[in-house]
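> Since the structure of chain F is provided, determine the placement of chain R on it from the hints.
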Amino acid sequence: MNVRALAGLGLLGALAALALAHAALSGGAVACPFGVDPQLPFETVCAQAVGGLWRSAALGLTAGAGGCVLAVAFALLGRRLGKGADLAVEKLAELFFAIPDVLVLISLGFVARAVKGGESVSLPWMMVALTAIGWAAPTRMVQNRLRSLERLDFIAAARALGVPEGRLLLRHLMPMAWDFLLAIFLMRVPAIILTESTVSYLGFGLPVSEPSLGKYLGSHWGLLLQGNWEAVVPAWALLVAMVLGFQQVGRGLLERSEGGRR
Amino acid sequence: MSALLEVTGLTVRFGALAAVEDVTFSVPEGGTVGLVGESGSGKSVTALAVMGLLDGASVEGAVRFQGEALLELPPRRLQALRGRSLAMVFQDPGASLNPAQRVLTQLAEPLRLHLRIPKADAEARAVSLLEAVGVGDAARRAKAYPHELSGGLQQRAMIAMALACGPALLIADEPTTALDVTVQAQVMALLRQVQAERRMGLLLISHDLGLVAESCAELVVLYAGQVVERGPTAEVLRAPRHPYTRGLLASTPTLEGQGRLEEIPGAVPELSAMPKGCRFAERCPQAQAACRAAPVPLDGGVRCLFPLGGGR
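Read top to bottom, the protein sequences are chains F and R. Following my numbering, the numbering of the first sequence begins with 74 at its first residue and continues without gaps. Following my numbering, the numbering of the second sequence begins with 181 at its first residue and continues without gaps.
Worth flagging that the hints you see were computed from the coordinates, not collected in a lab. Even for Gly, the Cβ is constructed at its ideal location relative to N, Cα and C. Be a bit skeptical, because a hint or two may be false.
[To be verified] From the structure, some residues in chain F lie toward chain R, with a derived Cβ separation under 7 Å:
(1) D226
(2) H245
(3) Y274
[To be verified] Sample of chain R residues lacking proximity to chain F, with all beta carbon distances greater than 12 Å (derived):
(4) A242
(5) R244
(6) E462
[Stated by the list, open to error] Using C-beta positions, here's what the derived DEER-type ranges look like:
(7) R:G236 <-> F:L317: 34 to 44 Å
(8) R:P279 <-> F:G239: 14 to 24 Å
(9) F:G239 <-> R:L251: 17 to 27 Å
(10) R:A365 <-> F:L160: 43 to 53 Å
(11) F:E328 <-> R:P255: 36 to 46 Å
(12) R:A196 <-> F:R186: 51 to 61 Å
Bound-form chain F, shown alone:
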């Protein structure tokens, strides 16, 4: 594993340790150094920030995994059904990719609230919505990866032995793409976290009672103008560290995956 991935992993490990330490110490033995949340006096800033960290991470990991599963399914289906279907998947993914995620998510939020009522959307709803809009980029990446793997000699050799296309995809091509898939999954996680944070920051996301980091920052940014940085900076720091950590691990694995193929 390269230095970049190790650094990212270290950052994520530190965040996990911090969150676990907070859970262990939240009984009251150690007070939060940043005090109580001025908007919710029965919650500390630490509890709000760490809670937001868990929610943002859960959203990113779940929707990232869901998007990658959809991407693999679409890419495999396209390759299995032939060139026309593969091209159709490619064009559909490009079309989806061209539409800004934030706008789609806000529009879906409006629809959800119109149907179900309420001021915000639930965590499971947000997971499903982020999955539904997050398949396009990984699909194109998986398609490209499969196409480049297909040019390798051992694939032609397997075809020359009469290996059927479906088996070729599952037994010969996909095992060569797992490290790449893991890398794009890890790179999707921070992108999803930032998309959700943006939407929640603008007030269209999760409820204030169950804030993600973006929601917390969106509802508390005004405190900065009053000089109360202690209530805001911890959440900013956690968001930046988490996004940076996932990005570095993902990029490190991608570099390793690309290097391994050269």
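Using the frame of chain F, we list chain R on its own:
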């Protein structure tokens, strides 16, 4: 001997560019035919076209194998023939074996696919196949990953995979190019032995005229995608009629040879800039104006207006 494989007027185009044009030859049952030429002459493209492995190319002409028109077969039928009746050994065994699978798994795969035998039986037979191609301690080596084997062992494993289902025709595309000289000799001896035992047809593709001369009864010389000369190997080597064949022979080292080897000046023309007339004219010491004026047909086994030794 009846023809096992008949290739007639094979033309392969990538877009508007013809990489192989009007190639005709046949491989008899149990016979060996050599396809020779330098890099870029269209040897591998010809082999891949016969196997139906060219993606994105337009293939014209006729390829008949055991009476079946390969180019017209539905994909499923062609897939059933590949590995079962028609097999291919590739140039670089290191790149042609799946790096993520054990050799045993890869060897057992064609047996399970084509002969429908259970996994345990297929693996037992795979080990026997490795022994048959001269791999010592086959049971242990079968469990290795390709990178754990030497180049010679990898190529033996590739040959074992190709022979697993007893194909009637083996296409060996530069099977020894990536190997050391001593291992080259072993692999060629193995191919000859297997061919003699099984009466299998062998299409041997090589840029090495010496290698082909030792193994093949018939010789097809390709240049810039066209057959420039073909005939019995002994005859072609004794009295080459095309200046290119003569040039290839003169550039092949021999034990008796003295002094510097001759070289063929220039290079194979680019696909996008093929001359209208003879494709070898720019490099031919005896080219005349007529050679460049119009395409030269293959006539009497040679594509030359002024063949060596006269005639035509």
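> If a hint holds in the structure, say so; if it doesn't, say that too.
For each hint, the structure was consulted:
A cut of 7 Å between beta carbons decides the hint on D226 of chain F: the least distance to chain R is about 4 Å, and the hint holds. About 6 Å separates the beta-carbon of H245 of chain F from the nearest beta-carbon of chain R, less than 7 Å, and the hint is met. Hint on Y274 of chain F is violated. Least Cβ distance to chain R is approximately 44 Å, over the 7 Å limit. With a minimum CB-CB distance of about 21 Å to chain F, A242 of chain R clears the 12 Å threshold, and the non-interface call stands.
Under the 12 Å C-beta cut-off, the non-interface status given to R244 of chain R relative to chain F holds; the minimum distance is some 19 Å. Every C-beta of chain F lies more than 12 Å from that of E462 of chain R, the closest at about 32 Å, which supports listing it as non-interface. In this structure the supplied range 34 to 44 Å holds for G236 of chain R paired with L317 of chain F, their Cβ-Cβ distance being about 42 Å. Remark: the range hint 14 to 24 Å for P279 of chain R to G239 of chain F is upheld by a beta-carbon distance near 21 Å.
At roughly 24 Å, the beta carbons of G239 of chain F and L251 of chain R sit within the given window of 17 to 27 Å. At roughly 48 Å, the beta-carbon separation of A365 of chain R and L160 of chain F lies within the given 43 to 53 Å, and the hint holds. Distance hint for E328 of chain F and P255 of chain R: a CB-CB separation of about 38 Å, consistent with the stated range 36 to 46 Å. Separation of A196 of chain R from R186 of chain F is about 57 Å and conforms to the stated range, judged on CB atoms against 51 to 61 Å.
The structure fails to meet hint 3 from the earlier list, while all remaining hints are met.
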